[in-house]
Amino acid sequence: MEIDYLGGMEKYSQRLQIRWADIDANRHLRHSVYYDFGATLRMSVLSELGLSVRKLEEIMVGPILFREEGIFRREIVFEDTITLDVELFKATPDYSRWSLRHNFIKDDGTLAATVTVDGAWIDMVKRKLTVPNIFIHDVFEKFPKAADFQFFMPEKKISTANDQNG
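For the sequence shown, counting from 1, position 70 maps to 70 in my numbering; every step adds exactly one.
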């Protein structure tokens with residue numbers, strides 16, 4: 001992990017050793033393991049920035065995913081050591097919606113896979129999407145940003161006759 005002078009993270013990465021249990025019948029990394037590694041790294045960076053599981057329980061908010069997509073470019077096998085990073089590449093200005101990208105990089109610098117997730121925040125009591133409080137907003141201000149990071153405005157859902165009639 002590298003911290004920049006403004007107190008935010010420039011980069012957050014972790015070296016991974018592939019376990020035998022991570023390998024499938026084709027002798028390469030099972031597809032679901034990519035998503036598991038990504039989820040663990042996301043929660044690690046949030047926790048390190050102060051948004052731990054305990055803090056989420058305290059404020060009764062949790063992250064929720066709408067989409068998780070993997071693009072697999074090169075095989076990862078048992079003997080490989082991989083560096084996995086995570087970066088915020090898109091968000092609404094209030095951080096109520098966000099997209100994160102995970103890059104799986106082999107020791108020789110080859111990009112083996114990319115996993116992207118689109119998410120938001122859910123109020124754990126109301127079970128509805130919510131705008132994050134200032135604490136979560138500040139955590140996401142410090143989250144490592146991609147070189148192509150951009151803010152976006154969510155699309156407004158337009159009602160149609162079909163929506164109103166059933």
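A few of these clues could be false.
EDC-like, lysine to aspartate or glutamate: derived pairs with alpha carbons at most 20 angstroms apart [unchecked claim]:
1. K106 <-> E79
2. K55 <-> D148
3. K11 <-> E141
4. K11 <-> E58
5. K11 <-> E155
6. K55 <-> E155
7. K128 <-> E155
8. K145 <-> E68
Have a look at the derived ranges for each label pair, beta carbon to beta carbon [as the list claims (entries may be wrong)]:
9. I64 <-> D148: 22 to 30 angstroms
10. M124 <-> F151: 39 to 47 angstroms
11. D123 <-> H31: 27 to 35 angstroms
12. F151 <-> H31: 30 to 38 angstroms
13. T83 <-> E58: 31 to 39 angstroms
The set of hints was computed from the structure by calculation and includes no laboratory data.
Glycine included, each C-beta is placed from N, C-alpha and C at the ideal position.
Here's how the hints hold up against the structure:
1. With a C-alpha separation of about 11 angstroms, the suggested pairing of K106 with E79 holds against the 20 angstroms cut-off.
2. Restraint check: the Cα-Cα separation between K55 and D148 comes to about 30 angstroms, which exceeds 20 angstroms; the hinted pair is violated.
3. Straight-line distance between C-alpha atoms of K11 and E141 comes to about 13 angstroms, which keeps the hinted pair within the 20 angstroms bound.
4. Of the pairs offered as hints, the one joining K11 and E58 is violated, with about 28 angstroms between alpha carbons and a cut-off of 20 angstroms exceeded.
5. Using a Cα cut-off of 20 angstroms, the hinted pair K11 and E155 is violated, with the two alpha carbons roughly 30 angstroms apart.
6. Taking the CA atoms of K55 and E155, the gap is about 30 angstroms. The hint is violated against a cut of 20 angstroms.
7. Distance check on the hinted pair: K128 and E155 sit about 18 angstroms apart at the alpha-carbon level, within 20 angstroms; holds.
8. The hinted pair formed by K145 and E68 meets the criterion: a straight-line CA distance of about 19 angstroms does not exceed 20 angstroms.
9. Evaluation of the 22 to 30 angstroms hint for I64 and D148 yields a pass: the beta carbon distance comes to about 24 angstroms.
10. Distance hint for M124 and F151: a CB-CB separation of about 26 angstroms, inconsistent with the stated range 39 to 47 angstroms.
11. At about 32 angstroms, the CB distance of D123 to H31 agrees with the hint of 27 to 35 angstroms.
12. Between F151 and H31 the beta carbon distance is about 31 angstroms. The supplied range of 30 to 38 angstroms therefore holds.
13. In this structure the hint that T83 and E58 lie 31 to 39 angstroms apart at CB holds, the actual value being about 33 angstroms.
Checked against the numbered hints above, the structure breaks hints 2, 4, 5, 6 and 10 and satisfies the rest.
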